[in-house]
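Generate the whole structure from the sequences, applying the supplied hints.
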Amino acid sequence: MGDRGTSNHSEVTDFILVGFRVRPELHILLFLLFLLVYAMVLLGNVGMMAIIMTDPRLNTPMYFFLGNLSFIDLVYSSVIAPKALVNFWSQSKSISFAGCVTQLFLFALFIVTEGFLLAAMAYDRFIAICNPLLYSVQMSPHFCAQLVAGSYFCGCISSVLETSMTFTLSFCASRAIDHFYCDVRPLQRISCSDLFIYKMISFFLSGIIILPTIIVIIVSYLCIVSTVLKIRSTEGRKKAFSTCSSHLGVVSVLYGAVFFMYLTPDRFPELSKVASLGYTLVTPMLNPLIYSLRNKDVKEAINKLLEKESTIQ
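Under the numbering used here, the first residue of the sequence shown is numbered 0, with each subsequent residue one higher.
Rather than coming from a laboratory, the hints here were simulated on the basis of the structure. Careful: at least some of the hints might be erroneous.
[Claimed, not checked] Below 16 Å or equal to it, Euclidean Cα-Cα: the simulated EDC-like pairs (lysine to aspartate or glutamate) are:
1) K82 with D13
2) K92 with D13
3) K295 with D54
4) K303 with D54
5) K298 with D54
6) K198 with D265
None of the values given here were measured: they were computed from a predicted structure.
Written out as structure tokens, the structure is:
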């Protein structure tokens with residue numbers, strides 16, 4: 000027992016990503032499913048960024064934020080999916096210590112950045128609907144760039160703190176991470192350190208990250224709803240709500256998956272894995288679809304691009 004207690008995380012050279020506990024013959028099905036979803040993530044988000052950058056009509060704050068959202072979705076899904084695909088075929092399913100640190104750091108950075116970016120997008124919709132005459136002044140390109148830079152800065156600070164705290168723990172129980180990527184909770188399970196202080200700090204950190212973004216989103220939409228209800232014409236209300244419905248859909252999918260994941264008890268690791276699929280792959284796949292299917296400007300830009308391609312051919 001003494002050796003176990005003194006084992007340090009620095010002695011760990013690699014971890015084992017257990018993945019999904021299913022029969023071996025189902026690994027091929029999971030591989031194909033992950034590959035299909037990841038291909039849709041790549042196609043949807045790269046396509047969305049290309050459309051926003053090439054169509055001058057989409058040179059607005061909302062689409063500037065949306066382009067960054069697509070980039071974030073593309074990167075953090077790429078941090079998870081390729082390694083998961085490799086592990087479906089690999090017998091060892093190992094990931095190096097440095098690889099695990101990098102995976103957790105990048106995923107934490109971009110998922111937190113997305114939360115702040117969604118709050119910035121909610122504020123953008125609030126200004127557009129509640130103060131339309133001041134929109135071009137308040138949502139200037141410089142201010143929009145500051146909001147995006149601030150989102151990345153908050154994500155970076157949060158990721159540095161979360162990653163450094165997690166990998167100062169001692170891992171002496173096992174090298175097997177019961178998940179398909181390096182995440183905080185599965186790493187906690189294989190640690191033999193006293194987790195009380197760590198969990199308190201982690202909970203506090205999560206609170207100061209999640210609460211402000213949720214408050215901004217909720218307050219923004221309360222003001223939006225109040226303003227829209229004062230619009231007398233049904234057509235005006237419908238148009239105002241249509242500008243927000245896509246963003247609300249994205250927020251609901253992301254935060255719903257995150258809360259479901261972290262509210263799932265530790266004794267149900269398989270359920271946690273399924274829930275985590277919601278924000279690691281499903282959300283990045285759905286975001287471009289939600290915005291392209293429910294946004295008139297994006298649909299027109301796609302049709303214009305397709306017409307241009309058919310003309311060239």
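A quick look at each hint next to the structure:
1. K82 with D13: holds (14 Å)
2. K92 with D13: OK: K92 and D13 at ~10 Å, within 16 Å.
3. K295 with D54: holds (14 Å)
4. K303 with D54: holds (9 Å)
5. K298 with D54: holds (12 Å)
6. K198 with D265: holds (14 Å)
The structure agrees with every numbered hint stated previously.
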